[in-house]
Amino acid sequence: MSSIVYSNKFLIWSKKNLFSSWINTLLTVLSIYFIYEVSVFFLDWAVFKADFLTNFRGERIIDRTFCSKNIEPGSYGACWAIIHVRFYQFMYGFYPAAEVWRVNLVFFLLPFALVAIFFDKVPFRKYLLYFTLAFPFIAFYLLYGGPSLTTVGTNKWGGLLVTLFLGVTGIALAFPLSIALALGRRSNMPIISLLCVIFIEFIRGVPLITLLFTANVMLPLFLPDGVSPDNLLRALVAVTLFQSAYMAEAIRGGLQAIPRGQIEAARSMGLTYWQSTRKIVLPQALRISIPPIVNTSIGLFKDTSLVLIIGLFDLLGIGRAALADMTWTKLYYEVYVFVAIVFFIFCFAMSRYSLYLEKKLKTDNSS
Amino acid sequence: MQNNFLRKLIFDEKIRSIVIQTLVIGFFALLVYSISQTTAYNLEKRGIGTGFEFLGMSAGYDISFSLIDFTSKDTHLRAYYVGVLNTLLVSICGIFLATILGFLVGIIRLSSNWLFRNIAYVYVEFTRNVPVLLQIILWYSILIHLPKIKKAIQFFEYFYLSNRGLYSPAPIFKEGFSVVTWSFILAIIFSFFLRKFLKNKQNQTGKQFPIFSIMSAIIIFTPVVFFYIMGMPLEFEHPILKGFNFKGGMVIRPEFAGMLLGLSIYTAAFISETVRSGIIAVSKGQREASQALGLKSSLVMRLIVIPQALRVIIPPLTSQYLNLTKNSSLGIAIGYSDLVHGFGGISLNQTGKAIEIMLIVMVTYLIMSLTISVLMNFYNRMVQFKGNA
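Residue numbers (the working numbering), protein chains in the order written: chain A, 33 to 399; chain B, 6 to 394.
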């Protein structure tokens, strides 16, 4: 009996959502056909007809001439061996293998540093927040080296390490800067507000690539003789300034949502500007502006791929370098699809988190 | 007295704000001064002069794709114009395509068909969570791995698709075609006046006219009639394979097509989201009320839903247009000769005038952004509530 009810439910659902009219039925049939064709093609390419470590003869693939599609005419499966061979570079770039445990340790510790920021119901949150504050120093010490650890220059960094480094550090550094900019833009002091407006609108009006070029070419000119920041640092400066302008606008949206009466009430209670800002305005404004902040952060994380144009080897840069290697050239789709999937995982997770926050904010406010 | 002054300095809000702002100005002046001093010193040491004279010097490099004539003997200034035109070309085409695709996908995402709308959802999630640079590079690699010229895919008889681009017949406008163009423009202007007149008539008498059909008939048929009157002043030049390449016809290069596909497919995903949320934002009651009044569903959409949805859609749409224009600077990754690639890249390397060139490039982008903002704000004001809201 229950199974009949269930199947009825399914029938009712499909009648309503798939076959409500003849146009809908036609669309459903076309959609099924489309999904079937695309998924068969993609799965064949990526899985069923693809080579992983060995080709169809069972030989281990050591360069592209061993790929099935280069041996057997008519075969078109992917040749994932290039990802396997280059996996180390995709993750760490040219980081020395003997020291790679340091990067792995940072990758391992990163979630612990982030979890206390992302969720407020975490056990030992207070202690984790201390760890979050200490993490940048620990990470820098581990990655770059220092006392009792050999120095690994940033020119050896690459792949996911660079992508995550630019993304996470850029966002973290931009956060305090953007709060200052947002407050400055709403300040009563005309000169400060003007300076902030000019900075924000200038940065938002030009493409990131011009900022990267500027930082790359002009930073050495601006600084005293002998001070020459390395390439990764130059990119980091550009990325941070870029992100701070966009984040400032997100925070300004939050600031605007705070009713003016709250600020006036705080001031009339005798709180100074800084006290009312820190205790009344910012806690509420930041809460509202976290979802748009996460959205701009997704944008920045994707935009870190632009650093390949100024010669850094981020995830996509390593991919292009792999394709430039004569023994593996022409495996474009494998490399780009792999890089796309890695980016997708990070960005999709962030966008889900932003949705979760928005829902949470709504329920928090209504209760 | 002194104590009183200090007290004022800290506690009097007006005086304090003046002091703080003076300090900030002083700090910035000092910063700018010291940076310009070091920069001047650094430039002198490297033997790089300053100034904009280089704009008049010959560029010494070729640009593969240009809307105006350009040879390596032309000046850097002309290279700048070429770059600006190419950037504008890909941005405008991209905005056009992205808007159409975005609105289409946004409406599909609201379809009552579960499968159909979820295909659109998968498209949106996949494209907007992958860097646009990667998508541009991916499209470009697909395009340059099409069959070689000799094995070009032929379709519609005179169209050829190969790894050097899409070759198509080129229109040749003969004498008298300008009459057709003018008749087309005049027909558009006339039909708008007619629309105003008929609307007024409708307001006064209550009689309805098929305004849209009349307008489209005028706009389509006037140029067609003039086309035949002038003796069909239009011919097509077909591309013909000669040796290793096609002669004649028009060609869309893979660099341009890659940029266009990457930019518009990426931006369309974002536009579709704003369209979707804009349509959702129109309350259900409005739709139900207009249906209760007996309006057809197409009229409900045209008269009730879309005008209100546009108010919500336009501001985020503007920022998507700005993003697309800024992202068009990624042409350098696949060799599309836009502003950043040609003038900002090769000219910079040849002359070494980093400061001047980056300044010009940035100001150009600022002007483009500003223009788009102004135009869209103007349009936004047109669609906002009129009268008392």
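None of these hints come from the bench; they were simulated from the model. Every residue gets a Cβ at the ideal spot worked out from N, C-alpha and C, and that includes glycine. Heads up, a few of these hints could be off.
[As the list claims (entries may be wrong)] Covered stretches of chain A, going by a simulated chain B footprint (3 or more residues, C-beta under 8 Å): (1) 169-179; (2) 182-193; (3) 234-244; (4) 251-260; (5) 312-320; (6) 375-384.
The hints, checked one at a time:
no. : hint    : in the structure
1   : 169-179 : violated (count 0)
2   : 182-193 : violated (count 0)
3   : 234-244 : holds (count 8)
4   : 251-260 : holds (count 6)
5   : 312-320 : violated (count 0)
6   : 375-384 : holds (count 5)
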